[in-house]
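A.B. asks: Chains as they are written, first to last, in my numbering: chain A, 1 to 637; chain B, 1 to 294; chain C, 1 to 491; chain D, 1 to 306.
It should be emphasised that the hints constitute simulated quantities derived from the structure, not laboratory data.
In this text, all values refer to a predicted model and were calculated from it rather than measured experimentally.
Note that beta-carbon positions come from the ideal geometry of N, C-alpha and C, so glycine has one too.
Take these hints with a grain of salt, some might be off.
Here are the simulated distance ranges between beta carbons [claimed, not checked]: (1) Leu69/D to Lys343/A: 39 to 47 Å; (2) Gly154/C to Val135/D: 55 to 63 Å; (3) Ser261/B to Asp435/C: 51 to 59 Å; (4) Lys375/C to Val135/D: 54 to 62 Å; (5) Leu154/D to Ala35/B: 28 to 36 Å; (6) Arg197/B to Ala10/D: 53 to 61 Å; (7) Val135/D to Lys155/C: 51 to 59 Å; (8) Lys411/C to Gly56/D: 18 to 26 Å.
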Amino acid sequence: MSAVAAAKAADTAPALLSVEGLSVAFDGEHGPVRVVEDVSFSVAPGETVAIVGESGSGKSVTSLSLMRLVDYAGGRIVGGRIRFKGRDGRERDLASPPAEALTDMRGNDIAMVFQEPMTSLNPVFTIGDQIAEAVMLHQGLDRKAARAEALRMLEKVRIPEPARLLDRHPHQLSGGMRQRVMIAMALSCRPSLLIADEPTTALDVTIQAQILRLIRLLQDEMGMGVIFITHDMGVVAEVADRVVVMWRGRKVEEGPVERIFQAPQHPYTKALLSAVPKLGALRGQDLPVRFPLLVVDDAKADAALPAPPPVQDTVRAADAPLLEVRDLTTRFDVRKGIFGSLKARVHAVEKVSFAVRPGETLALVGESGCGKSTTGRTIMGLQSATSGTIRFDGLDTATLDSNGQAKLKEKIQYIFQDPFASLNPRMTVGFSIAEPMLVHDYVPTSKPGVSRRRAIEERVAELLTQVGLKPEHARRYPHEFSGGQRQRVCIARALACDPKLIIADEAVAALDVSIQAQIVNLLMELQARRGLSYLFISHDMAVVERVSHRVAVMYLGQIVELGPRRAVFESPQHPYTRRLMAAVPIADPSRRTRDLRLLTGEIPSPIRNVGDEPAVQPLVPVGDDHFVARHAVGGDF
Amino acid sequence: MTTTDATSVAVSHDAIRSPLREFWRKFRRNRTAMAAGICLLALTLAAAAAPWIAPFDPAAFDYDRILEGPSADHWAGTDAYGRDILSRILWGARISLSVGLLSVLLGGVAGVALGLVAGFRGGWIDSLIMRVCDVLLAFPGILLAIGIVAVLGPGIDNVIYAVAIFSVPVFARLVRGSTLGLKRAVYVDAARAIGVRDRLLMVRHILPGTLPSVIVYVSMRIGTSILTAASLSFIGLGAQPPSPEWGAMLADGRSYIGVASHVTFYPGLAIFLTVLAFNLLGDGLRDALDPKLR
Amino acid sequence: GPAFAAKDLVVGLPDNITTLDPADINDTLSQSASRTMMQGLFGFDKDMKLVPLLAESFTVNDTATEYTYRLRKGVTFHDGSPFNAQAVKTNFDRLANPANRLKRQSLLAMLAETVVVDDYTVTLKLSQPFGALNNNLAHPGAMIHSPKALETYGKEIGRHPVGTGPYKFVSWAADTLKVEKNANYWKPGLPKVDTVTLKSVPENGSRIAMLQTNEAQFIYPLPPEMVKMVEANSALELIDAPSIIARYVAMNTMKKPFNDPRVRQALNYAVDKNAYAKVVYRGYAGPLDSAIPSKLGFHVTQPNQYTYDLAKAKALLVEAGYPNGFEAEMFGRNSTNFIRGMQFVQQQLSQIGVKLTVTPLEAGVETARVWGVEKPEDATVQMQYGGWSASTGDADWGLRPLLWGKGFPPKFFNVAYYKNDTVDSAIETGIGTADTAKRAEAYRVAQEQIWKDAPWIFLGVENLLAGKSKKLTGFYYVADGGLQMEEADLQ
Amino acid sequence: MLKYLVGRLAGILPVLLVISVFVFGFVHLLPGDPARLVAGPDATQRDVELVRQDLGLDQPLWVQYGRFLGNAVQGEFGRSMKSKRPVSQEIGERFLPTLYLTIVAMVWATLAGLLIGVASATKRGRWQDHVGMIVAVSGIAFPSFWLGLLMIDLFSVKLGWLPTSGYGTWQHYVMPSLTLGLGVAAVMARFTRSAFIEIAREDYVRTARAKGVPARLVVWKHTLRNAMIPIITMVGLQFGFLLGGSIVVETVFSWPGLGRLLVDSVNYRDYTVIQAEILLFSLEFIIINLLVDVLYAFANPEIRYS
Ligand SMILES: Nc1ncnc2c1ncn2[C@@H]1O[C@H](COP(=O)(O)OP(=O)(O)OP(=O)(O)O)[C@@H](O)[C@H]1O
Ligand SMILES: Nc1ncnc2c1ncn2[C@@H]1O[C@H](COP(=O)(O)OP(=O)(O)OP(=O)(O)O)[C@@H](O)[C@H]1O
Ligand SMILES: [Mg+2]
Ligand SMILES: [Mg+2]
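The whole structure should be built from the sequences, with the hints applied where relevant.
C.D. replies: What follows is the structure, given as structure tokens:
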């Protein structure tokens with residue numbers, strides 16, 4: 001169905017879902033707080049409605065309300081109607097009955113992909129069981145058939161070795177793999193309305209393209225309506241028929257995708273679109289450059305900052321490398337059965353070597369599940385390495401005693417890919433942000449005569465403000481935030497102690513572009529001021545282009561290409577790198593690539609049988625400081 | 001907006017201090033728990049004020065009025081010596097409450113610490129602590145108590161120790177179990193990545209997660225401890241006659257069950273209400289510690 | 001038809017049976033159990049009177065060192081072997097031999113030789129004079145096993161009792177002993193019931209419930225406070241009989257202030273014995289009007305009773321130099337009943353300013369603290385709340401273990417550490433002769449002296465209480481706490 | 001896991017050996033002289049000495065220990081000092097009644113506890129919750145002797161439905177297992193409720209709901225499985241405790257189990273029986289706790305042992 005046809009269908013066909021004046025409130029410290037105000041929109045069968053908006057503007061809460069799941073999270077629908085036409089052709093108002101009464105409708109009629117796949121999978125059940133359960137519930141298959149169907153779904157979302165994955169548990173999966181499992185689960189319900197809340201944040205662009213394609217296919221097949229929440233305007237341009245823009249709890253604009261992109265009305269929309277990072281924006285530039293900033297203040301958009309953004313010439317190349325990783329290898333044993341006999345190994349990281357210089361940003365990009373997070377976790381000592389050395393500031397971290405280890409952590413900070421899970425649910429975020437300072441006896445510089453506690457409090461407030469939150473948010477608990485807000489809390493925490501190196505694992509993935517620009521600029525400014533270094537793990541090539549001095553491309557646990565940003569972006573050498581560049585969606589609805597074929601066939605996998613060691617080819621120089629591994633791995637596209 | 005001026009950073013008083021106040025704010029709103037807390041407070045006060053408010057001397061006997069049912073002057077009747085049961089309950093609250101509460105707290109603290117270390121460290125420390133706990137669990141209470149009397153001699157504080165020792169292994173196992181799971185949490189890794197040392201990690205990040213079950217067990221264990229203390233007083237370890245102690249009063253009245261039920265009924269009721277109050281209070285504490293409840 | 005319905009008697013006991021080898025038994029309960037199957041030369045009737053059983057008659061020399069018994073003829077053991085002089089010799093030699101390490105060895109410790117005169121005559125030669133031998137032989141510990149069974153089962157005899165008694169062994173598992181009618185019993189017409197089951201039901205309330213539901217026809221003991229429940233049921237009957245169990249508080253006469261007889265007397269005056277019976281035994285107790293209960297042989301009621309008199313008690317304390325009383329500690333076992341008794345005494349003495357600390361002792365701790373103490377100087381006991389049942393039914397065993405100057409712990413149980421030459425020689429005389437008159441005189445003297453010296457607070461003699469179904473007849477609860485069921489019948 | 005299991009199992013023997021030394025020492029250091037206790041209340045010193053020799057208590061402690069260990073290695077624990085029967089018979093006779101009663105009580109109590117706990121948690125704050133928790137608290141605060149006697153009075157004396165006491169038919173199990181299980185049910189209910197409330201708001205429970213999993217399954221599958229750890233811990237502990245034989249219940253219902261045997265043997269300082277019983281209880285706890293640890297790993301796959 002083409003966009004035009006869909007739009008037409010939306011006019012003529014009765015709406016599948018129509019939301020009228022929806023308001024949702026949570027109980028806050030001082031009584032109820034409305035986080036969604038009077039939101040109305042509708043979705044027709046087969047139509048894709050994208051909801052975009054500022055981080056914390058109520059997108060997730062709105063979508064949770066549609067399934068009345070918000071009731072279980074402590075929220076309440078305080079106004080409005082949600083009219084939904086079920087499979088049986090009956091229309092009912094989902095806003096009024098008790099939440100329990102809607103059980104039959106969930107999954108069957110409406111299915112949902114949650115924003116945070118990390119915490120949304122049940123840790124005690126295997127992936128296979130969790131998908132098969134949905135299949136059994138909604139497709140009426142028996143256990144065996146359901147398992148087969150689960151396998152098929154996993155194949156469709158391009159997960160390597162799906163048969164093995166069926167028996168694994170969520171904690172053994174990478175972020176992107178979990179996200180794909182969530183998608184597989186939701187799709188296997190075969191709902192008439194799919195709500196996908198940031199379903200591709202943890203996916204690299206190649207897989208993202210596959211997923212979008214898959215959703216589109218199913219949509220065409222079954223006339224499924226889709227609500228697609230995302231901050232990636234490229235994805236919006238790619239998939240949406242209509243766009244709803246939210247800002248501070250309200251809908252501020254709605255329209256067909258072309259209209260929104262070509263003629264945005266609301267200042268926030270305008271700002272949003274102008275802040276979209278475009279791949280290739282820095283073509284010809286050697287050094288990273290900050291984003292032009294937009295400030296949307298009370299519905300009035302200001303133009304970009306008058307001065308052109310400064311270039312980021314911060315690398316102190318002459319100094320000894322800050323972080324040096326040599327031949328790092330990390331493997332996981334795959335065990336099976338109650339007695340856990342060793343069946344295979346996941347070669348998550350294989351002989352990875354790189355260095356990060358003071359004041360440098362090294363971006364680590366690569367396919368989902370290729371071992372980026374594992375590399376970061378191993379550097380942090382959260383995962384023990386199978387072999388290899390890690391030097392920080394010239395010191396081999398393996399030789400440090402526990403005291404030295406703790407000290408080291410004042411200098412290196414790690415931003416977890418999974419912000420929600422990495423915040424202690426029993427602590428206010430204020431305390432979480434203050435904790436590094438308390439632990440390291442770090443005394444923030446402040447006005448004289450201020451007690452240390454007070455100084456720390458002020459510093460927390462300052463950090464919160466810097467990441468675009470409010471000081472009073474310090475008193476809240478992690479679950480009271482939106483996905484993007486939590487991510488910013490984690491960033492604030494990482495900045496608290498003025499570290500020397502920050503390993504940021506998809507640290508800005510859940511942020512809308514305006515906040516993202518603000519945060520990225522903040523990071524770059526700190527780099528300029530304090531000489532910070534970053535190991536920047538990301539899928540978003542446009543952001544990578546903006547921030548990094550050098551780029552390392554990982555594939556199946558190995559680094560396949562490593563070089564200056566400009567060299568890698570402008571003349572990618574490794575086939576995988578090239579593919580990556582090509583798959584980046586473009587934020588322009590008129591340049592859709594809908595005819596992309598679904599990939600099938602074998603997916604290379606890092607899981608190998610015991611004793612079957614992968615071949616590791618040395619990186620060979622292909623240019624100034626630019627290396628590439630020339631071997632079959634990753635070449636077979 | 002790249003830098004922040006100080007004025008915008010104004011209001012964040014006790015932003016990082018709030019847990020305690022937050023806790024109290026939430027606790028106060030739980031009416032059942034507050035009521036239970038007030039009941040316990042009242043009971044404690046009554047126990048403290050027993051010399052003034054008890055209608056009779058708890059040891060005063062009256063052989064002309066043995067085993068009388070409740071009446072105008074003996075509200076809860078009299079026991080086999082014609083002593084006023086109500087007065088004995090009031091006085092007994094002193095012993096029973098302190099034994100119940102102190103022993104559980106003591107045992108709880110020790111058990112929680114052991115369980116936390118065992119679960120967190122694993123390896124041989126875990127094995128050692130847990131095997132010792134296994135033996136302690138297997139050791140029959142009476143035998144242990146006799147041993148304790150032999151070593152420490154009789155006395156109320158020794159009862160507290162003895163009863164505390166009984167509860168250590170249970171707390172240890174309980175906390176260890178939860179710790180095993182909690183220590184894998186990503187936020188624990190995150191804390192570690194911040195540089196939090198192990199000891200603090202255990203106390204600040206893992207312990208709170210084990211508290212819900214600990215609180216439940218504490219609130220239940222108090223009743224058991226009151227009864228256990230009574231059985232110890234029968235082997236000469238505990239409160240010595242004629243000190244009133246709820247458990248002992250209850251056990252003493254055992255043979256009058258079919259004949260003069262009030263002798264067991266009132267001490268039983270006192271224990272029941274106390275345990276109920278502690279449980280409701282425990283639930284309230286638990287809820288107040290739960291960040292997800294507003 | 002119903003006329004031939006089996007008569008199954010069930011008896012509810014408070015405890016488990018330990019063994020069924022009477023020579024190795026020290027608890028009344030197991031003795032009662034073995035008495036269903038076994039008999040000795042003598043026994044007691046339901047009034048604690050000595051009666052011949054397997055002996056028909058006896059003669060004794062003047063010095064009480066040689067006893068000759070004529071045995072009953074035509075008696076066979078349950079295994080068919082005959083009862084005769086050889087059987088007696090086998091059993092007595094076994095009991096008397098220290099190498100066999102039987103708990104009841106002391107009953108025949110003085111036995112020098114057993115001579116089989118003929119099949120039905122046996123002579124016991126003693127190493128020292130012993131006047132109360134027949135009483136010792138009436139003790140359940142001297143009951144006779146089948147020699148064949150002794151040989152067959154050896155050490156396991158305690159689980160395979162074979163005797164001459166009215167019932168034969170059927171089975172014994174954890175807490176239930178079952179015996180059946182001995183069709184060849186030598187007393188004609190007995191026994192009348194087909195089986196007897198002895199079941200241990202430790203909880204008082206549950207035992208009563210068994211009686212109420214007719215799951216048991218006899219239960220004992222019946223705690224005094226539960227008497228009402230039996231009385232309230234028309235199908236049930238209360239058994240209330242005097243016992244030989246003395247209750248007293250022994251005072252350590254070697255320790256201050258109890259070394260002063262006036263203090264001890266004062267305490268005796270300060271305790272209201274009637275109130276004791278009422279509070280501790282709900283009225284089911286009699287007075288202890290001498291050092292031994294009235295049911296024991298040679299008991300003499302003392303003329304000057306210590307009647308409840310606080311004024312006198314106080315006066316005596318003043319006289320002894322304790323005008324304001326004193327503090328002391330009282331030991332006693334930790335059973336409910338003991339604790340109740342101790343609390344009572346504590347309350348009574350508080351009236352004359354004597355402050356007692358009551359320390360209940362667990363059985364083992366008691367042996368360590370009280371009975372196992374090697375030297376009198378080491379004794380920590382000041383007062384000991386106790387009870388004593390002289391299972392031989394004779395004054396000797398009522399006095400010698402408790403008040404003989406040579407019977408301090410650990411040898412015997414003289415925990416009052418009471419030593420008086422008059423008493424000592426009287427006790428020795430009493431045991432040194434079989435002449436009833438001489439013995440009576442000796443024990444009269446002893447009792448008088450003890451009463452005057454008051455090494456104990458004489459509290460009372462509890463009644464034996466039991467409940468039984470009205471259908472049950474011929475079932476006796478004897479003063480020493482034993483059961484006799486050979487004549488039992490169910491209507 | 002296999003390695004861990006094998007290690008733990010292999011570790012049992014040395015642990016038991018250490019325990020045996022400990023238990024032996026402890027028991028022998030307790031105040032109280034078994035010879036005197038076994039000899040009986042009116043035994044003379046001579047009788048006591050005879051008994052002492054008979055029991056071998058006159059030997060030096062290490063000789064006694066050696067003999068005990070020698071016997072134990074052959075699976076024989078000597079003879080009871082009091083009854084002179086082999087300890088294995090003495091304990092064997094009572095183990096099964098205790099085991100059966102324990103199983104019956106544990107099964108109903110665990111199920112009831114789970115039901116009450118889950119009902120309370122899902123109806124939190126409503127009357128079902130309050131009723132459930134008051135029942136649970138009663139289970140803890142009511143002394144079992146009281147309950148037992150009340151039941152006997154009602155079901156046996158008044159109604160005549162059940163035998164007052166004893167061991168044999170299924171009727172005999174009803175009241176003892178009810179009495180015994182009540183406390184367990186209470187503990188289970190409280191723990192289930194608490195653990196449940198903890199888990200019920202996790203995101204993955206929300207996922208289950210979003211999938212359309214029926215409320216019943218959300219509760220019994222998705223939530224419960226995650227709430228399992230404290231519940232498993234408690235089931236294990238309670239099972240262990242009950243396997244030691246409940247003194248009160250066995251007394252009230254004249255159940256021929258290990259609890260009463262223990263009391264008797266402690267009263268008589270029947271060393272051989274006490275030692276064997278404690279070793280048995282230790283073994284029980286070690287095995288139960290091993291199972292519990294295995295179940296932990298099953299309940300939460302992130303738990304790994306090394
Ligand atoms: N449980 C809660 N209690 C209180 N406030 C909440 C709760 N959950 C969400 N909020 C608030 O509601 C607002 C909307 O949150 P929501 O998750 O819908 O944002 P979002 O638009 O999805 O943002 P993001 O793009 O960052 O995910 C946020 O300001 C958040 O702080
Ligand atoms: N604890 C574990 N046990 C077993 N396998 C694991 C474990 N953690 C990660 N893996 C595996 O290691 C591989 C690399 O995972 P990693 O999390 O490093 O990927 P990633 O590059 O961060 O991917 P993503 O971009 O999707 O987050 C994956 O195949 C994953 O399944
Ligand atoms: Mg969101
Ligand atoms: Mg990752």
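A.B. asks: Output the numbers, in ascending order, of every earlier hint that fails for this structure.
C.D. replies: Result: hint 6 breaks, nothing else.
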